[in-house]
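*Asks:* Based on the hints, put chain B in the right spot on chain A.
The listed protein sequences correspond, in order, to chains A and B. Residues in the first sequence are numbered from 1346 upward in steps of one, following the numbering used here. Residues in the second sequence are numbered from 1346 upward in steps of one, following the numbering used here.
Calculated from the structure, these hints are not laboratory results. Given the structure is predicted, the values throughout are model-derived calculations rather than measurements. There's no promise every hint is true.
It does not matter which identical chain is meant; a pair holds if it fits inside one copy or across any two.
For lysine-lysine, the following DSS-like pairs were computed, each having C-alpha atoms within a straight-line distance of at most 27 Å [said to hold, decoys possible]:
(1) K1605 to K1408
(2) K1372 to K1468
(3) K1459 to K1709
Now for the letters of each chain:
Number of protein chains: 2
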Amino acid sequence: MSDASILSPKGFRAAGVACGLKSVAGKKDLAILVADQAAGAAAVFTTNQVAAAPVLLSRETIKRGRPRAVVVNSGNANCCTGEQGLADAREMVRLAAEAVGAQPDEMLVCSTGKIGEPMPMDKVAAGIRDAAQALRSDAQAAADFAAAIMTTDTVTKTCCLTDRIGKADVTVAGACKGSGMIAPNMATMLAFITTDAHIGSRALTAALRTAVAGSFNLVSVDSDTSTNDTVIALASGAAGRREIQQGSDEYVAFSALLRKVCLDLALQIAADGEGATRVIEVRVEGAATEQDARAAARAIVDSPLVKCAVHGGDPNWGRVVAAAGRSGARVDVARMKHWIGDTLVFDAGTPTDFDVAACEQHMKGPRVLLRVDLGVGTEDHTCYGCDLSRDYVTINADYHT
Amino acid sequence: MSDASILSPKGFRAAGVACGLKSVAGKKDLAILVADQAAGAAAVFTTNQVAAAPVLLSRETIKRGRPRAVVVNSGNANCCTGEQGLADAREMVRLAAEAVGAQPDEMLVCSTGKIGEPMPMDKVAAGIRDAAQALRSDAQAAADFAAAIMTTDTVTKTCCLTDRIGKADVTVAGACKGSGMIAPNMATMLAFITTDAHIGSRALTAALRTAVAGSFNLVSVDSDTSTNDTVIALASGAAGRREIQQGSDEYVAFSALLRKVCLDLALQIAADGEGATRVIEVRVEGAATEQDARAAARAIVDSPLVKCAVHGGDPNWGRVVAAAGRSGARVDVARMKHWIGDTLVFDAGTPTDFDVAACEQHMKGPRVLLRVDLGVGTEDHTCYGCDLSRDYVTINADYHT
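Isolated chain A (complex conformation) (with noise of 0.2 Å):
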């Protein structure tokens, strides 16, 4: 499975090419993926109400649509750019569709990079024009899509899983960038998934909010939420006859497939969070509701100081607890208990006798689990963050708009 790609499930092809928009010449930066005949489509999209016009223009489309394919650029997020930039996200549309030989209403858009620039549209439909050349179903061509979609991510993003489900063999894959504004509900990130499943838009769009919420929306890297965060899942259909309906134990499978995968790339967001070292579980259980143990799950993977003390490798219990104590979820503090990876720390309201060693080794690992019992009920929740060093302060401080 080592060229386990977008591309490794039937019927979709994509390329990604350089046009100039990076500031680094021969970066690559405009991307398409197309599937030749699409079972389904469906797409989750920023909460931000600042969105970007291909975000507003992709909204539509799904809406109204029936896509089967996108072009992505990065280097410039065609955000803040008033109606010029809607019209320049329709430009793009219209002649993605037509290099590929699709109407622009089969044709989603994303963007990401900078904000409040105009469209150089000239690199961009020169970009689009090589990209649909460039189409090819092999695993260079995934490659070159998963760089091209990068910003200030260090590393490609990809996942891919098979499972039986039903009589078919279901391929579901992956390919994300994000590594900054990770939040709580996905921030600068996007992430293309392509499946052979057969299956429609309306349950494949229930199966992506279902997976959203499951991953990509338990990942927060500094709790800021970007203008252009986009999720897309396209369906081929090439993988069975038979169609999944919602409801259905293959539909229950396929949801399953879908959420792993779409956890994996989000943990690998995580782990690629700007200045990251290493990735933070958070789980929360024993709450009351489990409002309550999202808020403070939230509360300890946002909190500053919680980051920087992972960053340090510190078992630092105070900072876990009273980050649980200030969030507004109810907890007993007599009742209340705090795990580092396996090693009790805190106890009914008081600091354990523990082995600080095993702790600091734990810490040191590439993921560190921060477990809490609030003591007052059964309800749990778990989400992932990211430790926060001095390079998030240079990278944030030094990138100038």
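*Replies:* Coordinates of chain B only, in the frame set by chain A:
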């Protein structure tokens, strides 16, 4: 007024001594403040459910006692210390009351520093004895008090203002500590307010709550809230024979003076935020509701990306606009405006052709104003924070429990 201090209002004595609670030998870490006769007392405490023993105890004393003095230690927060911690806080009160010739229900107690460590009561007892003997009402005693309450603070923080209220010159003064974990609502911060106003506990409590809401609770360093936060106000009544009654003109004038002192102290905390190099003032206007204005202002001032941009002196309007857009507050992008200092940088959905040099110049100053009009209503809100630097990470990643 160069010697103005918390001992400028008549009727108070204070002291600050070293008793070995801080790791650096000789650093002051125990303080006492006494009103020989208190007209009134008031306090506001942390909203964190994980509250420290001294908070639990002082809350009771404010409710049922007649407080006129406070004993404070730094270096140990006496938090997450269980029953023993509560017994230790009680013992601190008993010892301090005895040493200054007061009753236990006249003595409040505050602690700040590391959490989860038992109080070294032998050191504390010796410190209380020394401090009680050192009580004086001169400027040096006030400076010693201000120094003894510091933890990661780099400077002492005091403020003293006098105003004509009714027929009396009333002075309100304060000393506070706090730099990390400062968030709405009050974090690792302690503030002690003295006044010679003749005002009873009930009216003082009302005035203090209003003042805290309009000062300390508007300041956010890192959105964390600590377990020990306390603001205490003591009135000696020495300034006038006529008691200030709630609702009177004198009460309104006194409340305004108290709020001024608290806001001055709060801004000193923001300026001394861990690693901070400048204060950020966020002013949100044109909101549909006051809650929306608060949500947007808070989202902007707490955004790590905005904080990094301010640190880097980058007029990154996009991060400000995006933070408002994801805050939950209703915004109309087409009517939204954003100013950096006096410069309009974003108008009607797109960036203006603004003077970048002028913005950068403003952002080099000690106080950066980010003003945003959401374009949907008439409500506004102002809050304060500070930038995010590499030093913040260094301080908080390397400070081990």
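*Asks:* It remains to establish, for every hint, whether it holds in the given structure.
*Replies:* Taking the hints in turn, this is what the structure says about them:
For a Cα distance limit of 27 Å, the shortest separation of K1605 from K1408 inside one copy, 26 Å, qualifies, whereas the shortest one across copies, 54 Å, does not. In the homo-oligomer, the alpha carbons of K1372 and K1468 lie at most 27 Å apart inside one protomer (13 Å), although the nearest pairing across protomers, at 64 Å, exceeds that limit. For a Cα distance limit of 27 Å, the shortest separation of K1459 from K1709 across copies, 23 Å, qualifies, whereas the shortest one inside one copy, 34 Å, does not.
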